[in-house]
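Visitor: Chain F: place on chain S using the hints.
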Amino acid sequence: MSAEGPILEIGETRLLPAHVTAAYVSEEVSRVTEKPAPVGWWLVFGVALMFLGVLGVSVGYLFWNGIGSWGNNSPTAWAWDITNFVWWIGIGHAGTLISAVLFLFRQKWRTSVNRFAEAMTIFAVICALLYPTIHVGRVWVLFWALPLPNQMSMWPNFKSPLLWDVFAVSTYFTVSLLFWYVGLVPDFATLRDRTKVAIRKRVYGALALGWRGSNRHWRNYERAYLILAALSTPLVLSVHSVVSFDFATSVMPGWHTTIFPPYFVAGAVFSGFAMVSTLMIISRQVFGLKELMTMKHLELMNKIMLVTGSLVGYAYSMEFFIAWYSGNEYERYVFINRATGPYWWAYWTMVTCNVISPQLFWSKRLRTSIPVMFAITILINIGMWFERFVIIVTSLHRDYLPSSWGMFSPTLIDIGCFTGSLGLFFTLFSLFIRWFPMIAMFEVKGALPGAQPTHHVHDEEHAEATGALAVQSQGGVT
Amino acid sequence: MNDTAIKKRPVLYLAEFDSPDAVIHAAESVRDAGYQKWDVHTPYPLHGMDKAMGLGDSGLGWIVLLCGLTGVTAAVTMIQWMNGYDYPLVIGGKPPDAFASMVPIMFELTVLLSSFGAVFGMFALNELPKHHHPVFFSDRFEAFSNDKFFISIEVEDKKFDEHKTKALLESAHPTFIELVEEEIA
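Protein chains in written order, with this note's numbering: chain S, 756 to 1233; chain F, 4 to 188.
Accuracy of the hints is not assured; some may be wrong.
To be verified - Quick list of the computed label-pair ranges, beta carbon to beta carbon:
no., chain 1, residue 1, chain 2, residue 2, range
1, F, Ala103, S, Thr1166, 19 to 27 Å
2, S, Trp1079, F, Val93, 33 to 41 Å
3, F, Pro91, S, Leu1167, 40 to 48 Å
Simulated from the structure, these hints should not be mistaken for laboratory data.
A virtual CB, placed ideally from N, CA and C, is assigned to each residue, including glycine.
Excised from the complex, chain S in its bound form (with noise of 0.2 Å):
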């Protein structure tokens, strides 16, 4: 997807190793899905069923006797449900970032990752739909929320950022899916035309739409490609901008802030990043993809770690000194509470994790080790959890009256409709990395060394200059 072959800056290495060729790459990433899966996927798969079976508990248990299992209160109302939702649609936002953002601004090592970011994506998204489908209440009557015709005569409110919301993370679902299959369908032609098993051959067969590589198909496919991109980059911004709305429109003192849509967003790409660099250390140990997915990409993949981290550390210091510039005590009040008050220790749990841990990429030794940045990548998402946890809570737990304080305390329920939920994730995850192709291939050989046409122009007067400069690029390649 590359408009001329990859020019390499002073200093700058090869992102594959030499021995990558087209071949090799279908060859590598393929038969993850056509070999017996390695005991490490089993382990993996296994202990995400697990908890899945507890998700399904937990679910059902809080179905049948109402969200009152859960240990929100008055005041407050919005807790680990909320907190949760917020956390895994924020993970969700580094897939479309990588596939969308990182194809407009051409930057080639995308193509190892995006794929697996975008089922990340999709599967985050998933998880965040399940606790403001439960927090409604009375899930059999979710479809109030929609526009829909109904015998009250009744349509919902416009106004509102929680339908605001519902608009957004659909849209977002339904625009990374699409996004994620139109990807997913030449690597599905190759799948159909390497095996020999007739039900796969079927299976990927049908996947694939009778893709056959055409050039009058890649043109559109292409222009598809590129417009999806152009479409999910505003898309992705919008969504974190939304969900920040449902605070910032608040009259909260510590919700009710201008910052908050960058802010989140930046914490949102904080996150997810990190969980693409978790996921992606795991599986490319399980499955052997380390020529693949290289220590450079992982590199790469930590500065952005470094840029956000150091965002989101700004938004948090830019929070409180508005917070005393505003003159307001109640506003003064929370801030002061969230760093000295009863949830001190969650307030200084994600300072320690967002903003501290990740400086510790200056180094390049420390960005280039596998087990310090899978340290740093769990401490993130624990991190940003906090930070969900330390807005929603400790803004509620004391707003205006004394009299109306309160503290928050989750039950085993929110404890099992949290872990359950990194169950349904990562039985999702497994099941995509042993099935489908988990490396974007046709992305990764077009930016291939050597794998696009060294003559752009042939007519007959070019012909000579373009000569040389195809020999030129030929050098700087080899």
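Guide: Leaving out everything else, chain F in the frame of chain S:
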């Protein structure tokens, strides 16, 4: 029915190439020879191939534009009618048909319908899904999705001539050339 009873007729010539340079040069010569019903099959999009085949710009953008406009119009009409006219709601002291609060959903529906246009429009323009195509009769063709490049010229083409077409393809030095036949019932 035994083997001898099966009748076959040629449907297309298929030439296989090893490198992107070889296939793009071959495509240029097929284009210059004036063929219309022919195609290039590659494992990934090759840049400069549209020009080498003499293809114009993709028309997909127009479909997407139309879908996007439909999305934004639908959003405005729906919200105005539902909240402003059919069941007026005054929330936060805003007029029932306040514009600012409509913007997020206008945006989301524009993106949603545009994406439908991009994806389903692309499949429609490409006439996919289409599981049956004569190129798949060739045993070697499946290498297109691995690392080989192919050119197919259909018998249906006005300029098709079994010897001349073969000579044209051979002049581009393919690694393999094959007359693909289909069975007639």
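Visitor: Now tell me if each hint is right for this structure.
Guide: Hints and how they fare:
no. : hint                             : result
1   : F/Ala103 - S/Thr1166: 19 to 27 Å : violated (40 Å)
2   : S/Trp1079 - F/Val93: 33 to 41 Å  : holds (36 Å)
3   : F/Pro91 - S/Leu1167: 40 to 48 Å  : holds (46 Å)
Checked against the numbered hints listed earlier, the structure breaks hint 1 alone; every other hint is satisfied.
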